[in-house]
Amino acid sequence: MKIRVNGNEVLLEKAVSLKELLTLQQVRTPEYVTVQLNDGFISASGFEDTTINDGDVIEFLYFMGGGQVK
Amino acid sequence: MKFSQEQMERYSRHIILNEVGVKGQIKLLESKVLIIGTGGLGAPAAMYLAAAGVGTIGLVDADTVELSNLQRQIIHSTKDVGKPKVISGKETINDMNPDVKVMTYHEWVSSANITDIIKDQDYDFIIDGTDNFPAKFLINDACVLLHKPFSHAGIIRFSGQTMTYVPGQGPCYRCVFLNPPAPDLVPSCKEAGVLGVMGGIMGTIQASEAIKYLLGIGDLLTGRLLVFEALDMEFRTVKLASRTNCVVCGENPTLKDLIDYEQRACEL
Ligand SMILES: [Zn+2]
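Protein sequences, first through last, are from chains A and B. Numbered according to the numbering used here, the first sequence spans residues 150 to 219. Numbered according to the numbering used here, the second sequence spans residues 261 to 528.
Hints in this document: simulated from the structure, not taken from any laboratory. The beta-carbon is built from N, C-alpha and C at its ideal position, and this holds for glycine as well. It is possible that some hints are incorrect.
[What the hints assert, rightly or not] Derived coverage of chain B by chain A (criterion: at least 3 residues anywhere in the stretch with Cβ under 8 Å from a Cβ of chain A; other residues may be distant):
id: 1; region: 269–279
id: 2; region: 307–320
id: 3; region: 360–366
id: 4; region: 472–478
[Unchecked claim] Derived lysine-lysine pairs resembling BS3-like cross-links, with alpha carbons at most 25 Å apart:
id: 5; chain 1: B; residue 1: LYS343; chain 2: B; residue 2: LYS472
id: 6; chain 1: A; residue 1: LYS151; chain 2: B; residue 2: LYS499
id: 7; chain 1: A; residue 1: LYS168; chain 2: B; residue 2: LYS499
id: 8; chain 1: B; residue 1: LYS292; chain 2: B; residue 2: LYS262
id: 9; chain 1: B; residue 1: LYS262; chain 2: B; residue 2: LYS472
[Unchecked claim] Just a sample of chain B residues kept apart from chain A, beta carbon distances all over 12 Å, derived:
id: 10; residue: GLU351
id: 11; residue: ASN354
id: 12; residue: THR390
id: 13; residue: ASN439
id: 14; residue: LEU445
id: 15; residue: GLU489
id: 16; residue: ARG496
id: 17; residue: VAL498
id: 18; residue: ILE519
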């Protein structure tokens, strides 16, 4: 399946949870990344229970300012 | 207000623009912008706003100019090392444009002073040019509580981001980022490094947003986060979701008092 992460197309072999996607995308501190899935924010407590579906548009928004948490 | 011949000439490239004109230029001359932080972002923002003829510019910074600042903080020069940044900034602006009145606040913003600083000249627009998250959240909350528009920006390494908050017209910074990250998780600019031009690129975008807001023209970065990656030379705007339960700008706000978050000492 095909999804978009931060504007880039990402191909996934199987359905994954948002938590797994964060790992796949090498996000080191997921608790400090704001996640937008399609049109809504997903809180950190929901990462495990959120399944990524074909066509989903995901944005990882990082803290930036003098320092960055990624 | 009447223009002198010198002002007609100084601002001629603005005046010729339909969207600005004499009326718009007068508006700018009567406008007041507060710039918090006169570093990488605040320096270019202040210089372009001064050149544009924004009549009152407030500069807030407790720091003094260091040699390592000069790689990006272009409002300061080699001769200014050791001088308070607000004084150095004021001198540069005064040299550039005598039409601009510069207010200086030689202090760090905190819950104790930020409201008074914003109210001091009843600033029309605020630019967040700070380099740390406690200040960014403080500026956000103060602006939301005082119903003031502001521009957020952050830079690190080869990346930058910016968004604009206008009361009632989209999410605030806290809607997007909720709470500051733990202090020990955030590398400072000193540790992480930053390409000098990043402040110029993002800071001048902040100045553009301020001018557009003051003139009431164009579309602002409200409800959108602009992300810039210099290595790929790519700008992207991310449409932001709304958070109706935001503690400061949401439907039932609970944050009424400003917070001084803990900050790791940046200096060594
Ligand atoms: Zn908010």
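### Query
With d taken as the least Cβ-Cβ distance between ARG496 of chain B and chain A, does d exceed 12 Å?
Violated: least Cβ distance 5 Å, not greater than 12 Å.
### Message
Can you confirm whether the C-alpha distance between LYS292 of chain B and LYS262 of chain B stays at or below 25 Å?
### Response
19 Å, holds
### Nearest-CB test (12 Å) between chain A and ILE519 of chain B
Holds: least Cβ distance 17 Å, greater than 12 Å.
### Query
Taking a Cβ-to-Cβ distance below 8 Å as contact, does the region 307–320 of chain B have at least three residues touching chain A?
Result for this restraint: violated, n = 0.
### Query
Has the region 269–279 of chain B got at least three residues whose CB is nearer than 8 Å to a CB belonging to chain A?
Per the Cβ count (0), the hint is violated.
### Task
Classify the label on GLU351 of chain B as holds or violated, using whether its beta-carbon is more than 12 Å from each beta-carbon of chain A.
25 Å, holds
### Query
Can we trust that ASN354 of chain B is non-interface, i.e. its beta-carbon lies farther than 12 Å from all of chain A?
The assertion about ASN354 of chain B holds, with a minimum of 28 Å to chain A.
### Task
Take a quick look at LEU445 of chain B and tell me if its Cβ sits farther than 12 Å from every Cβ on chain A, holds or violated.
LEU445 of chain B is in fact no farther than 12 Å from some Cβ atom of chain A, at 5 Å.
### Message
Check the hint pairing LYS343 of chain B with LYS472 of chain B against an upper bound of 25 Å on the C-alpha distance.
### Response
32 Å, violated
### Message
Is the claim that GLU489 of chain B lies outside the interface with chain A correct, judged by CB distances over 12 Å?
### Response
10 Å, violated
### Query
Is it correct that the beta-carbon of THR390 of chain B has no partner in chain A closer than or equal to 12 Å?
7 Å, violated
### Query
For the region 472–478 of chain B, do three or more residues have a beta carbon lying closer than 8 Å to a beta carbon of chain A?
This one is violated; 0 residues, fewer than the three required, reach chain A with a Cβ under 8 Å.
Violation of the numbered hints given earlier is confined to hints 1, 2, 3, 4, 5, 12, 13, 14, 15, 16, 17; the remaining hints are satisfied by the structure.
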